[in-house]
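Colleague: Chains as they are written, first to last, in this note's numbering: chain G, 1 to 566; chain X, 1 to 352.
You may find that some hints are simply not true.
To be verified - What the simulated footprint calls covered on chain G by chain X, stretch by stretch (three residues with Cβ under 8 Å from a Cβ of chain X suffice, anywhere in the stretch; the number is not a length):
#	segment
1	182-194
2	335-349
3	408-421
4	428-438
I should point out that these hints are in silico values taken from the structure, not numbers from a laboratory. This structure is a prediction, so every number in the text was calculated from the model and none was measured. Cβ atoms here follow ideal geometry from the backbone N, Cα and C, with glycine treated the same way.
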Amino acid sequence: MSRLKSMKRMGVILSSMAVCSFGIIAVSTSSPAGASGYQSQHAGGTLHLDATAAGGTLDPQVNYTLQYWQLYQATYDGLVSFQKVGGDPSFDVVPDLATAMPKVTNAGKTYTFTLRKGIKFSDGKTVTVADVLASFQRLFKVSNPNAGSWYNDIVGGPACVTTPATCKLTSGVVVNAATNSVVFNLIAPDSEFLDQLSVPFGSIIPANTPAKDEGDTPIPGTGAYAFTSYNPNSALIMKRNKFFKVWSAAAQPKGYPDEIDMTFGLPVESEVTAVANGQADWIFDPIPADRLSEISTKYATQVHVHTLTADWYAPMNVNIAPFNNLRARQAVNYALNKNSLVKLYGGPQLAVPTCTILPPGFPGYVKSCAYNSKSSSTYAGPDLKKAKALVKASGTFGAKVAVVAQNDPVDLSVGEYIQGVLNQIGYKATVKPLSQNIEFSYIQNTNNKVQISVTQWFQDYPAASDFLKVLLSCSGFHKASDNSINISGLCSPSIDAKMATAETLELTNQTAANKLWGQIDQTIMTTEAPWVPLFNPKLVDFVGKRVGNYQFSLQFYMYVDQLWVK
Amino acid sequence: MGEIGELPATESVATKITVKLAAVDSESPWRSSLQQLRRNRAAMVSLGVLLFMVAVTLLAPVYAHDIAHSNPFASNLQGRIKIGGHYRSVMPANTQGLGLGVTPIGPTWHFSTYFLGADELGRDVFARILYGGRVTLLIGFSSGLICIAVATVLGMLAGYFGRATDWIISRLLDIVWAFPIYLLAISLSVILVTSGLDLGIVHIGAGSLLLPILIIASVYVPYVARPVRGIVFSLKERDFIQAAIASGASDWHILRKEIWPNVAPSVIVFFPLMVALNILTESALSILGIGVQPPQASWGTIINDGLQLLYTRPWVAIAPGICIVIVCVALNILGDGVRDAFDPRAKLRGSI
Numbered sequence: 001m002s003r004l005k006s007m008k009r010m011g012v013i014l015s016s017m018a019v020c021s022f023g024i025i026a027v028s029t030s031s032p033a034g035a036s037g038y039q040s041q042h043a044g045g046t047l048h049l050d051a052t053a054a055g056g057t058l059d060p061q062v063n064y065t066l067q068y069w070q071l072y073q074a075t076y077d078g079l080v081s082f083q084k085v086g087g088d089p090s091f092d093v094v095p096d097l098a099t100a101m102p103k104v105t106n107a108g109k110t111y112t113f114t115l116r117k118g119i120k121f122s123d124g125k126t127v128t129v130a131d132v133l134a135s136f137q138r139l140f141k142v143s144n145p146n147a148g149s150w151y152n153d154i155v156g157g158p159a160c161v162t163t164p165a166t167c168k169l170t171s172g173v174v175v176n177a178a179t180n181s182v183v184f185n186l187i188a189p190d191s192e193f194l195d196q197l198s199v200p201f202g203s204i205i206p207a208n209t210p211a212k213d214e215g216d217t218p219i220p221g222t223g224a225y226a227f228t229s230y231n232p233n234s235a236l237i238m239k240r241n242k243f244f245k246v247w248s249a250a251a252q253p254k255g256y257p258d259e260i261d262m263t264f265g266l267p268v269e270s271e272v273t274a275v276a277n278g279q280a281d282w283i284f285d286p287i288p289a290d291r292l293s294e295i296s297t298k299y300a301t302q303v304h305v306h307t308l309t310a311d312w313y314a315p316m317n318v319n320i321a322p323f324n325n326l327r328a329r330q331a332v333n334y335a336l337n338k339n340s341l342v343k344l345y346g347g348p349q350l351a352v353p354t355c356t357i358l359p360p361g362f363p364g365y366v367k368s369c370a371y372n373s374k375s376s377s378t379y380a381g382p383d384l385k386k387a388k389a390l391v392k393a394s395g396t397f398g399a400k401v402a403v404v405a406q407n408d409p410v411d412l413s414v415g416e417y418i419q420g421v422l423n424q425i426g427y428k429a430t431v432k433p434l435s436q437n438i439e440f441s442y443i444q445n446t447n448n449k450v451q452i453s454v455t456q457w458f459q460d461y462p463a464a465s466d467f468l469k470v471l472l473s474c475s476g477f478h479k480a481s482d483n484s485i486n487i488s489g490l491c492s493p494s495i496d497a498k499m500a501t502a503e504t505l506e507l508t509n510q511t512a513a514n515k516l517w518g519q520i521d522q523t524i525m526t527t528e529a530p531w532v533p534l535f536n537p538k539l540v541d542f543v544g545k546r547v548g549n550y551q552f553s554l555q556f557y558m559y560v561d562q563l564w565v566k
Numbered sequence: 001m002g003e004i005g006e007l008p009a010t011e012s013v014a015t016k017i018t019v020k021l022a023a024v025d026s027e028s029p030w031r032s033s034l035q036q037l038r039r040n041r042a043a044m045v046s047l048g049v050l051l052f053m054v055a056v057t058l059l060a061p062v063y064a065h066d067i068a069h070s071n072p073f074a075s076n077l078q079g080r081i082k083i084g085g086h087y088r089s090v091m092p093a094n095t096q097g098l099g100l101g102v103t104p105i106g107p108t109w110h111f112s113t114y115f116l117g118a119d120e121l122g123r124d125v126f127a128r129i130l131y132g133g134r135v136t137l138l139i140g141f142s143s144g145l146i147c148i149a150v151a152t153v154l155g156m157l158a159g160y161f162g163r164a165t166d167w168i169i170s171r172l173l174d175i176v177w178a179f180p181i182y183l184l185a186i187s188l189s190v191i192l193v194t195s196g197l198d199l200g201i202v203h204i205g206a207g208s209l210l211l212p213i214l215i216i217a218s219v220y221v222p223y224v225a226r227p228v229r230g231i232v233f234s235l236k237e238r239d240f241i242q243a244a245i246a247s248g249a250s251d252w253h254i255l256r257k258e259i260w261p262n263v264a265p266s267v268i269v270f271f272p273l274m275v276a277l278n279i280l281t282e283s284a285l286s287i288l289g290i291g292v293q294p295p296q297a298s299w300g301t302i303i304n305d306g307l308q309l310l311y312t313r314p315w316v317a318i319a320p321g322i323c324i325v326i327v328c329v330a331l332n333i334l335g336d337g338v339r340d341a342f343d344p345r346a347k348l349r350g351s352i
C-alpha cells in the first residue's frame, strides 16, 4: 500500500494543525460548484495561492499529494469523477468524460463506458478511446503508487505490475473507436472500482504522453484549466484551457479566475500574514498554532473549518511485547485522555475525540466507545484506575516501551504525552522522534520492532474498506517491508472473513454492507484493540478578504477554481 | 677601604636579594597567573555569574518539588492552577471568535506557580529551564573537556613526533576541518540521533546525552589540536627540550615533564571558550530537533518548543535564549581573563 506513504506525506504537510486528505464533512455551508449557475460577473482576475514547498512531480498518474490533487480537479478528468458540489453529494460519482455511468454486467466484472465526443485536450487534440487505453497502460508503466493495489483488478493488471514496460491490458481495457466504447474487464467484482477511476490517477491524458514520470513538465488535460508552467522552486501557474467547453457542470464546471498561481518558498507564518494583508488569497499549509487565535478573532469571516474523514491514531504492535497482550493494549486505550490530545491538536474546534476506527460520517460508522470512563457511546474521559489494573493483570508492568513519533511539533507533543501516560500506568516509556521523511516507513517495517507509534490516516475515497481492510487486514501486513500499512500487524482470519463478506455484500446491498462494516469496526476494537483511535482532525482554510464563493468538497476539499477574486 | 668596611653590608644586601629571588622563585607561574586572574574584576564577575547559574540549575529539583510543586517532564493538559484566588486552566482553549486553538497560560510572575507560564504540553517553563540548564551546562562542560583532552593528546603527539605520526594525525584533522562545523555536527546528529551509536562492544542509545556530547566534542577537536601542535613544534626546538633529549630522557618523560607544563596554560585558555562554543552548538542542534531528545530538555529544546508559541507566548523561547546569552557572555569574558593571565599571546578567536 505505497499510496499511504503519500497519503501520510499529506498528513505530514498538514499535521501541525489542520490537516488534509481525501474527504471530509463540511461544517460550513456549501453550495454546488457548478449547478448553481455560472456568474460571469465574477469571472477573471488572478488567484494567488501560497505553499511553503512544492508538491513534487506534476504528473497526475504519479503525484499522490492533496496539494496537487486539489488542483487536478480543475485540470484533469477521468471517465467518471466525484461530483463538483459542496457537502455530502461531493462523495457521489458522476459521469465525466463518459456520457453516462457505466453499464455493469458479467456479475460486476465488466464495466462498459461510452466516451463523450468532441472533447479536446489543452493542446488542441481530440480525446479518443485510444487515449483512454493508453492512459491506463501508462498508469502501470509509470509505476503508479496504487497500480498494484487498486488497478491490478483489471484483467492483465497483475502482468502489468510485474512487467510494466510491456503493459498492454489487451483483455482488460477493450476500446472500440467506431462506437467510442471503453470496456473494463475485471478479474473479480470490485465495489470500489468507480471510486478508484474517479481520483486523479484515473485521469485521461494524451496517448503520446511519454511513459515516464513527467516531473516538472505539464501534461495536457481536459479540465477548465491547464498548467502552463511549473518550477518547484518558485511557482506553479494554471491558466484557462482555451479548448475547454462545459459538458457537465457537475463533473467539470467552468472556473472563475483567469489565472491561478501557487507560489512556493514563504514560511507558513509569512503566508498567514500575506493572506491577512491581502497579498495572497489562500494558503495550503496548516495555520500555525500561535496564529489560530488571531485569525479566529480578527479574520473570522475569512476562516472555514471542516471536519475531515481522517484518524489520528496510535497503532500498537500486536506481535511483540508488551502489546502482544490484549490487556496491555486495552490498558493504553483506557489510559489516554483524548480530550488532552485534542488540546494538543488545537482544541475542541479543531479536533474531536474518537473511539472508533471509522471516522464519523463515513460509510459504516457507528458511534461507540469501548474504552471509556463512563458507559457511554460518547467519549467521556480516561479510566486510569482500570488501565493500571489491566497493566498489572497483563504481567507487562515495568516493560520498556518506545513511542515512535514524527519530530514535527504536534506529532512530537502527542508522542511525549503518550510516553508520560505510559509511565503513569506502569511502563518505562521513552519517545523516539524521527524525521517526517522516514517515520511513516519506519513504523511499518517489522524489522524496526516498533511497539507503539503516532500516525494518521486520511481516506482515499468514501469506503469503509479504505480504513478497515487497508489498515487492519492480513493483506495489509507484510513482514520486513516498509510498505506494511497494517502497522499494528493484526492478522485475524475471522475478521478477514467478515471483511470479505462485507465486500461481497457491497455489490448487492450497500446498506447491509455498511452495517456489517460498522460491526467489524466494533469487533476489532473490543476483541483486539490494536489501536488507540485518538481524534478526528478538522481542516482550517484561511482565505483572503477579496475571495468569494468558497465551496468545499468532502472528497477533494476547497474548489480552487470556483473562488471569486472579482 | 670604606668599601671594604661596607662588605658586611654588601653581604646583607646580597642576602636580601637572594632571599627576595628565592621568594619570587617559590611563586610558581601558575600561582602568579591565578593571582592575576583574581585581580581581573570582569573575569571574577563572570565567574560569579557562571557559578550562580550552575548553582541555580543544580537546585532545579528543589524548585520543582518544593516550590512549584510541578513535574516539568509530565504533561499537564487538563491542569488548573490558583492565581489570585481564582482557578485558571493551564491550557485554556480560545473562546473568542471562532474559538480555534489552545494557548498555554502565560507568565504568572509568581515563583510558586508557572512563573514563566506553560509550554505546549502544559509544563512549567521555568522549572524546565532550570532542568534544561543542567543538561546544557553538562553538555557544554563535558564536551569541552573531552574535546580539549583529545585535541591536546593529538596535538602533542603530532607536534612532538612529527614525520609519519604528524602526517597521519594532521590528515585526519584536515578531514574533519574540511567540513563546516555546523554542517558536520548536523550530519552526525541526524544519523546518530535516529539509530544511536553502535561500536561493537559500546552501544550508545539514540536518546542518550552522550551522543550530543561526543558529536560536539569531536567536531571541534581540530580547532584545538592544530594550535597545540604548533606550540609543541616550536617547543621542540627550544634548548631545554634538546637538552632533555640529549640527556637520554624518554619520549614519555619529555612529553609529560617538559612539553605538557608549557602547553597546559594555552590549553586552559581554550577551555572557557570551547565550553561557550559547545553550548551554542548544542542549542543549535536542539533547536533543529537533532540535539537533546525528549523527555530530556535543554535550553535549545525549550527554544524549539517556544518557536511554535512565538506570537502568543514569546517567553517560552526568549527565557532560555537569555540564559544561553548570559552563560556564553560570562564564559567569553572569563576566557579573556584566563588568556590575559595564562597566555597573553594566545589568539583564541582567530584560531576557532
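Colleague: Could you run down the list of hints and mark each one as holding or not?
Modeller: Against the structure, the hints come out as follows:
no., hint, in the structure
1, 182-194, "violated (count 0)"
2, 335-349, "holds (count 9)"
3, 408-421, "holds (count 8)"
4, 428-438, "holds (count 7)"
In this structure, the one hint that does not hold is number 1.
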